[in-house]
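Enquirer: Read off the chains here:
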Amino acid sequence: MSQFLNLLVAGLTSGAIYGIFGACLAVWFRVCNILNLAVGDFAMFGAVGTAWLVQNAGLPFIAGIAVDLAGVGLAAWLFDWVVLRPAFDRGRGARGIVGVFFYTFGLSLVLEGVARAWFGTDAWGAPQIWPGPALSVLDFHVQRAGILVFALAIVSGLALWAYLRFTVSGRAASACGESTLGARIVGIDTAKFRRRIFIATAVLAALFGIVESPLSGYTYASGPVISLIGTVAAGFASFRRPGRAVAIGLAIGVAESLLGGYVSTSYNDVLLYAILFGVIIFRPEVLGLGAEPA
Amino acid sequence: MSSGTDVQAAVTHQVRRRDPVPLGAGISIAVVGAVVLAAMNGSYLGLTVTTGVCYAIVTVGMVLQLGYSRQLAFSQSVFMGLGAYGTGVLETKYGFSSLESFLAVIGLALVASLLIGAVVTRAPGLALALATLLMPLFIFQLATYSNWLGSFAGINGVLPLLTGADYTATLVRSGIVCAVLLGIAAAIVLRVIRSGVGLQLMAMAEDERLGESLGISLRQRRLEVFVLGSVLAAVGGAAIGSVQGLVTPDILSETAEITLLLMVFVSGRRSIVGAILGAVVIEYLTTSTSFISTNIGTIEGIALLVILLVEPDGVAGAVDRLLGRRTDQWGAALRAWRTKALKTRGTGPQGGGDGAGNAT
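Order-wise, the sequence lines are chains Y and Z. Under numbering that gives the first Met the number 0, read the first sequence as residues 0 to 293, first letter to last. Under numbering that gives the first Met the number 0, read the second sequence as residues 0 to 359, first letter to last.
Just so you know, these hints were derived from the structure itself, not from any lab. Note that CB positions come from ideal geometry on N, CA and C, so glycine has one too. Keep in mind that the hints are not guaranteed to be accurate.
Unchecked claim - Over the 10 angstroms line for every Cβ pair with chain Y, so calculated as not near, a few chain Z residues: (1) A38; (2) T91; (3) K92; (4) A111; (5) R121; (6) L132; (7) I175; (8) V191; (9) I215; (10) R220; (11) G330; (12) R344.
Claimed, not checked - The following label-pair restraints were derived from C-beta to C-beta distances: (13) Y:S178 x Z:Y93: 57 to 67 angstroms; (14) Y:G277 x Z:V35: 19 to 29 angstroms; (15) Z:D249 x Y:R183: 25 to 35 angstroms; (16) Z:G156 x Y:Y261: 36 to 46 angstroms; (17) Z:G106 x Y:V224: 27 to 37 angstroms.
Whole structure, please, built from the sequences with the hints as guidance.
Expert: Laid out in structure tokens, this is it:
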């Protein structure tokens with residue numbers, strides 16, 4: 000029983016990671032029909048950047064977090080200004096299914112390259128926000144950072160879900176993704192929503208990287224895999240439902256952990272991805288992706 | 000009705016018989032590639048370019064799959080790995096010759112892509128992308144943990160495509176075989192693009208409903224494109240394994256897929272020549288100076304963003320456009336010169352033209 004509980008907690012922690020990145024992807028896709036494949040790289044910049052600022056630049060931890068998050072927000076704004084604005088507001092550049100994937104894919108490559116040049120190839124972990132040993136009840140152990148990760152995922156998922164469902168701004172944001180032209184006709188500034196939500200999800204991903212990095216550590220190359228798993232979680236949530244993406248991410252994490260505990264520690268990821276692959280292929284309707292975005 | 004169909008079939012047959020472009024292009028690519036690789040005479044640059052030519056076999060298939068048909072499948076690295084590992088396993092564990100293993104791998108890739116394609120191509124656009132994104136993830140891990148496939152170290156001792164007296168001669172001969180394979184791949188893809196099937200694929204890429212209303216079997220065409228792209232990827236993978244003599248899990252990782260995508264998108268996703276040059280140039284850059292190889296990600300990312308914004312059809316599209324403008328200018332200058340010359344002689348425009356080169 001204790002093994003099961005420990006596996007469950009480990010799975011919920013890793014699942015929270017997948018879930019929150021899935022939520023970040025889903026909420027932005029809902030607004031502008033673009034997949035943010037750089038979300039993992041923003042998380043990497045959060046973790047590695049904060050660790051670098053604290054350890055190498057000598058900044059206090061809180062100041063390091065603030066500077067790092069401001070830097071990530073600025074990078075997101077700059078990308079929107081330089082790339083997304085001309086591409087989607089001024090009608091220049093590639094659109095359609097290519098635009099869905101490849102703008103943020105290019106950003107991901109740039110962020111990864113900059114991180115490699117700046118921080119090197121070492122693994123980095125930000126200091127713990129809630130320092131101390133793992134909490135234990137009988138044979139059941141849980142890392143403090145894991146509790147924070149899980150709590151942040153739940154709070155973020157609920158907040159994003161509530162924002163989209165219950166606020167006028169959230170409904171306007173959703174309208175942008177449903178029909179850009181229609182939203183503009185009724186006076187919604189689609190560019191503003193795209194920009195704001197892109198920056199907000201980038202900062203959220205970076206914050207999540209800071210909270211999570213004491214558990215796993217990050218290198219310059221950690222981003223793409225995180226983005227990929229987040230894309231899978233978001234995909235199972237139709238790319239549009241952040242709350243459901245968190246739930247799917249948690250389920251994926253738990254399944255991965257249980258497969259690792261009870262089936263094979265080496266092949267747990269292989270099995271998990273194979274199962275997800277099978278679900279997508281044989282039951283594509285669960286994704287709710289009947290039509291491609293315009 | 001039957002007679003109409005017969006006439007149409009006859010016309011199609013005539014058009015096919017009289018279309019020398021794919022054959023000419025294929026032979027040209029093979030000859031140019033073979034001459035260049037022979038001139039490099041087995042140097043390190045020759046090895047890099049030969050590897051680039053092998054990648055080009057994969058990217059040529061991607062032109063049809065991603066560029067022309069807009070089939071968003073990210074499984075090329077998996078089939079590249081299938082080709083490389085298939086060759087390696089058959090040669091090192093079962094004693095196949097390089098030709099036997101090469102032919103066996105083509106058959107294996109054909110069957111595997113038919114089976115996988117039959118299910119994955121049922122998924123709509125984004126679902127297909129998502130499903131094929133997962134494939135490199137779990138196949139990579141499978142290869143990494145499998146002792147039978149050599150785990151992290153991979154399989155060493157893969158035979159060259161054509162053996163020579165020494166290393167240099169072997170590399171040159173293998174390079175020439177790769178160039179010939181690339182020529183064949185390019186000719187096949189060009190043939191498809193220039194055929195009626197190519198027109199159907201273009202219609203489907205523009206609007207699937209339009210294609211369906213024209214009576215095109217979407218599933219069949221999607222499957223055919225998937226199979227052709229996958230088999231070419233496997234051929235490219237087998238060639239890479241044979242040239243390098245070694246197969247590691249890196250060949251089927253998501254990083255390999257990213258590299259392939261960049262080779263196609265930066266150079267021009269609709270251009271065969273662009274895809275070939277893109278593969279060779281990016282392979283060269285990744286192994287050239289330490290500054291470029293260290294910062295290749297940043298360089299490729301910026302190049303990709305600039306190209307998506309400025310010229311979505313890549314460098315090849317930009318060159319096409321420039322050449323088009325230039326030839327237009329030359330044409331206009333020639334017409335102006337002709338008009339002026341005729342006026343000087345006092346004849347003026349007469350006969351079948353208006354003096355501006357337009358037929359009346």
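Enquirer: Each hint should be assessed against the structure and marked as holding or not.
Expert: Results for each hint:
1. Non-interface status of A38 (chain Z) relative to chain Y is upheld: no Cβ of that chain comes within 10 angstroms, the nearest being about 33 angstroms off.
2. The non-interface label for T91 (chain Z) is consistent with chain Y: the shortest C-beta to C-beta separation is roughly 23 angstroms, beyond 10 angstroms.
3. Every CB of chain Y lies more than 10 angstroms from the CB of K92 (chain Z), the least distance being 21 angstroms, so the non-interface label holds.
4. A111 (chain Z), annotated as away from the interface, keeps every beta carbon of chain Y farther than 10 angstroms; the closest lies near 14 angstroms.
5. Not every CB of chain Y lies more than 10 angstroms from the CB of R121 (chain Z), the least distance being 7 angstroms, so the non-interface label is violated.
6. Non-interface status of L132 (chain Z) relative to chain Y is broken: a Cβ of that chain comes within 10 angstroms, the nearest being about 6 angstroms off.
7. For I175 (chain Z), the non-interface assignment is confirmed: its Cβ lies about 34 angstroms from the closest Cβ of chain Y, beyond the 10 angstroms cut-off.
8. Non-interface status of V191 (chain Z) relative to chain Y is upheld: no Cβ of that chain comes within 10 angstroms, the nearest being about 21 angstroms off.
9. Here I215 (chain Z) stays apart from chain Y, with its beta-carbon at least about 17 angstroms from theirs, past the 10 angstroms limit.
10. No beta-carbon of chain Y is positioned within 10 angstroms of the beta-carbon of R220 (chain Z); the least distance is around 17 angstroms.
11. Listed as outside the interface, G330 (chain Z) is consistent with that label: its C-beta sits roughly 28 angstroms from the nearest C-beta of chain Y, beyond the 10 angstroms cut-off.
12. For R344 (chain Z), the non-interface assignment is confirmed: its Cβ lies about 49 angstroms from the closest Cβ of chain Y, beyond the 10 angstroms cut-off.
13. Against the hinted window of 57 to 67 angstroms, the Cβ-Cβ separation of S178 (chain Y) and Y93 (chain Z) comes to about 58 angstroms, which satisfies the hint.
14. At roughly 45 angstroms, the beta carbons of G277 (chain Y) and V35 (chain Z) sit outside the given window of 19 to 29 angstroms.
15. Checking the proposed 25 to 35 angstroms range against D249 (chain Z) and R183 (chain Y) shows it is violated: the Cβ atoms sit about 46 angstroms from each other.
16. The hint said 36 to 46 angstroms for the Cβ distance between G156 (chain Z) and Y261 (chain Y), and at roughly 38 angstroms that hint holds.
17. In this structure the supplied range 27 to 37 angstroms holds for G106 (chain Z) paired with V224 (chain Y), their Cβ-Cβ distance being about 33 angstroms.
Hints 5, 6, 14, 15, counting from the list given before, are not met by this structure.
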